[in-house]
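Participant: Chains as they are written, first to last, in full-length UniProt numbering: chain P, 1 to 262; chain V, 1 to 266; chain L, 1 to 268.
No lab work stands behind these hints: they were computed from the structure. Remember, predicted model here, so these are calculated numbers, not experimental data. A few of these clues could be false.
Derived EDC-like pairs (lysine to aspartate or glutamate); straight-line CA-CA distance at most 16 Å [claimed, not checked]:
| id | chain 1 | residue 1 | chain 2 | residue 2 |
| --- | --- | --- | --- | --- |
| 1 | L | Lys160 | V | Glu255 |
| 2 | L | Lys137 | V | Asp48 |
| 3 | P | Lys141 | P | Asp163 |
| 4 | L | Lys14 | P | Asp122 |
| 5 | V | Lys263 | V | Glu173 |
| 6 | P | Lys223 | P | Glu72 |
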Amino acid sequence: MLRISQLVKRYGNGEPVLKGLDLEVPGESVVSIIGASGAGKSTLLRCINRLVEPSSGSIELNGVEITTLRREELRRTRRRIGMIFQGFNLVDRLSVMENVQCGRLGYIPYWRAALRRYPQEDIDRAFHLMERVGIAHYADKRADELSGGERQRVGVVRALMQDPDILLADEPTASLDPVTSRQIMELLQKLAAELHLPVLINIHNVGEAREYTERIVGMRFGKLIFDGKPEDLDQDAMDAVYSGTSEDAARQHTPNSEALAT
Amino acid sequence: MKESVADRVWTRYTSRQRWWRFFSFLIIAVGVSWSLGTIDIVWPWVWDAPAQIGDLFRRMVPPDVSNLGTILRVLIETLNIATIATFFAVILSLPVAYIAAQNTTPNRFTLWLGRFILVSSRSVNTLIWALLFVAIFGPGVLAGIVAIMFRSLGFLGKLMGEAIEEIDRRPVEALQATGASRAKVVLYAIVPQVIPTFFAVGILRWDINLRESTVLGLVGAGGIGVILQSAIDTLDWRTVATVLLAILVLVIAGEALAAWLRKKVL
Amino acid sequence: MTQPIPASRRQWRKRPFIANAWLRWGLTIGVLVYAAWAVTSLPFDWARIAAGMERASRIFSGAFPPSFARHELLIEGFLESLKIAILATLLGVGLSIPIAFMAARNIAAVPVYIVGRALIIVARSFHPVIVAILFVKAVGFGPVAGILTLTIYSIGFVAKMLAERIEEIDWGQVEALRSSGAGYIAVLQFAVLPQIMPRQIGLAMYQLDSNLRASAVVGIVGAGGIGATLMNAFGRYDYDFALAITLVIIGVILISEAVSGRMRRMIW
Numbered sequence: 001m002l003r004i005s006q007l008v009k010r011y012g013n014g015e016p017v018l019k020g021l022d023l024e025v026p027g028e029s030v031v032s033i034i035g036a037s038g039a040g041k042s043t044l045l046r047c048i049n050r051l052v053e054p055s056s057g058s059i060e061l062n063g064v065e066i067t068t069l070r071r072e073e074l075r076r077t078r079r080r081i082g083m084i085f086q087g088f089n090l091v092d093r094l095s096v097m098e099n100v101q102c103g104r105l106g107y108i109p110y111w112r113a114a115l116r117r118y119p120q121e122d123i124d125r126a127f128h129l130m131e132r133v134g135i136a137h138y139a140d141k142r143a144d145e146l147s148g149g150e151r152q153r154v155g156v157v158r159a160l161m162q163d164p165d166i167l168l169a170d171e172p173t174a175s176l177d178p179v180t181s182r183q184i185m186e187l188l189q190k191l192a193a194e195l196h197l198p199v200l201i202n203i204h205n206v207g208e209a210r211e212y213t214e215r216i217v218g219m220r221f222g223k224l225i226f227d228g229k230p231e232d233l234d235q236d237a238m239d240a241v242y243s244g245t246s247e248d249a250a251r252q253h254t255p256n257s258e259a260l261a262t
Numbered sequence: 001m002k003e004s005v006a007d008r009v010w011t012r013y014t015s016r017q018r019w020w021r022f023f024s025f026l027i028i029a030v031g032v033s034w035s036l037g038t039i040d041i042v043w044p045w046v047w048d049a050p051a052q053i054g055d056l057f058r059r060m061v062p063p064d065v066s067n068l069g070t071i072l073r074v075l076i077e078t079l080n081i082a083t084i085a086t087f088f089a090v091i092l093s094l095p096v097a098y099i100a101a102q103n104t105t106p107n108r109f110t111l112w113l114g115r116f117i118l119v120s121s122r123s124v125n126t127l128i129w130a131l132l133f134v135a136i137f138g139p140g141v142l143a144g145i146v147a148i149m150f151r152s153l154g155f156l157g158k159l160m161g162e163a164i165e166e167i168d169r170r171p172v173e174a175l176q177a178t179g180a181s182r183a184k185v186v187l188y189a190i191v192p193q194v195i196p197t198f199f200a201v202g203i204l205r206w207d208i209n210l211r212e213s214t215v216l217g218l219v220g221a222g223g224i225g226v227i228l229q230s231a232i233d234t235l236d237w238r239t240v241a242t243v244l245l246a247i248l249v250l251v252i253a254g255e256a257l258a259a260w261l262r263k264k265v266l
Numbered sequence: 001m002t003q004p005i006p007a008s009r010r011q012w013r014k015r016p017f018i019a020n021a022w023l024r025w026g027l028t029i030g031v032l033v034y035a036a037w038a039v040t041s042l043p044f045d046w047a048r049i050a051a052g053m054e055r056a057s058r059i060f061s062g063a064f065p066p067s068f069a070r071h072e073l074l075i076e077g078f079l080e081s082l083k084i085a086i087l088a089t090l091l092g093v094g095l096s097i098p099i100a101f102m103a104a105r106n107i108a109a110v111p112v113y114i115v116g117r118a119l120i121i122v123a124r125s126f127h128p129v130i131v132a133i134l135f136v137k138a139v140g141f142g143p144v145a146g147i148l149t150l151t152i153y154s155i156g157f158v159a160k161m162l163a164e165r166i167e168e169i170d171w172g173q174v175e176a177l178r179s180s181g182a183g184y185i186a187v188l189q190f191a192v193l194p195q196i197m198p199r200q201i202g203l204a205m206y207q208l209d210s211n212l213r214a215s216a217v218v219g220i221v222g223a224g225g226i227g228a229t230l231m232n233a234f235g236r237y238d239y240d241f242a243l244a245i246t247l248v249i250i251g252v253i254l255i256s257e258a259v260s261g262r263m264r265r266m267i268w
């Protein structure tokens, strides 16, 4: 159970990026967060594991108040928060297995990490998850030899290796082509159901949000302005989220331009 | 267009460019004439120099190979000085690079400490370091090794620090998000990214150090320079020629090995 | 989310850097043996090193505070270094141009190419201090030896870089001139020289900076300049003056590095 209340984030003295935001994500729900660029989606996600320090407000995950954690406690809490990134954020020069085992770094002793002597149960777990997402035969390949979709699967497995209580996905499909992008969304949806995981997904593509998630949250200028089921997201709601911003609702029909760049 | 074709004048440079060129030439001319005019040179010596140099070379042939055994032994000592010094300098440069890189240094004090170490190491030449360490440790290879280490530290640390500053931040963020400790983030997200630079600059510096270690002996810090110095002092020019040829072979072989290693590693 | 994971007991080990086990272990053992031998073969005199610490403290206490009392000597030495650097750069860069043409594979005939390359290799292989010591013997102590040394030093670097630049010039321009009937020298002047000129100016600037540094060193073996001043101070145990000289050398090198870096950015 994730409970965010009155969350504010302000960089320097500027206009706050998040302006007193409230959000509750119970148990096993898959929630997508939509909104134009600059609405604060990415900042919201990064506040949850404090890659970005919130300015004020409260974030509570399974009864633990995250905003006040000290270093060591923060690390222990981060171990249980999986994160998936738009740019995959893999270590290119390491093998797939090493990248996947990065998810266990918070658990294993330093010498094991340094010598690559991972515990057998972690290796079993890695192979199990890699088989589940279809990349087990790549275990010894270098991460930069894989295609975009395969790289994101590595990213997903790395997050799942953490044995997370919640999964945060920051534009997980924005760097992928439309077909791969749908595969990844489908994978996230199924894994969430299999593992009984709550998942928070920042997403540009409203079509995918409707199709793969049961709850959609709309953000605009650092505030929640829509929260409901996909079928409730009518034209008025879409306008409220997107209109007047540079990216109009029409973008749901056009594949993301960044996909071409990768 | 009013003017006729015949009126147009073609010039190679615009007037601004001309001024620039004139100005630069002027500076060069002034610099050179000042240097020539005030430098403390005995001109007859200068006119005599080609003859003197030719004479020196004539006295070098044929090279005297009677001391070849000793020369080869010292040549290997030279190689060892360069290799050992590079090895330790590479290891020592890592923590210095870490604190001198803006994105990994713990705080401002360590940043400035790191930069201070790099600048002072880089600005003092190997031979000046050698003078100092010969005064401290006495003549011998130890002074040479320490001198080369001190000079290499700045070179390696600077390049490694720059490599650290240029890394891709995203894996670092991802690993922080998994709850990995600082040391593990360094190990998994930073080290793999700087490893290629690490080997490249290590090999590059080894090649440079090989050349530098050939002259350490001139100030008493070990290596083949010791023999060279004593041969020159006794005017034994034919042995000098052998030593010079030995140095030439060592340096060229070292350069070839460095080039080969670089290709293998990268 | 803990759920049972089938214990496949699949093994995983990081793939070794060198796949061939024989080669890997051979190299590892070779390196270890070399390291052990290299370290043990060096004659360390530990008693001497221990005594050295005491000397170090004597030197350092003698060096502080640095003494600028004889600043005239200091300035004089520096100006001489600067003059040596300027003249050597001029000579070296001038001589580099013909040598670079000789050492460029696409322009020079094979025998000429071999001579050009050999000149560059010899000039690069000898540390300036070795060259300096020979010149000091040949032409006597003083700045002439320094100028000659740094000229050779400049040729080793500038001619090498320039030859590489000539090898990558746009060949189309050369062909255009040849087809218009231009002679060999005219081709060099109008098709090759304009293409390498910007690089040449940048290299000259860089070389002036490194000659200034090197002139501080070749003076140590008697080739004039601030190095000679430093050596004298050291020889007379004037450690406070030696420290002052060293500090000024550091300062000048930092300034000259910054200036030459800025000027090269302006030109390139």
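Participant: Next step is simple, just say for each hint if it's right about the structure.
Facilitator: Status of the hints after comparison with the structure:
1. Lys160/L to Glu255/V: It holds: about 14 Å lies between the C-alpha atoms, which stays within 16 Å.
2. Lys137/L to Asp48/V: holds (13 Å)
3. Lys141/P to Asp163/P: Violated: Lys141/P and Asp163/P sit about 24 Å apart, past 16 Å.
4. Lys14/L to Asp122/P: Distance of about 14 Å is within 16 Å: holds.
5. Lys263/V to Glu173/V: violated (32 Å)
6. Lys223/P to Glu72/P: Distance of about 31 Å is beyond 16 Å: violated.
Consistency note: the structure conflicts with the earlier hints numbered 3, 5, 6.
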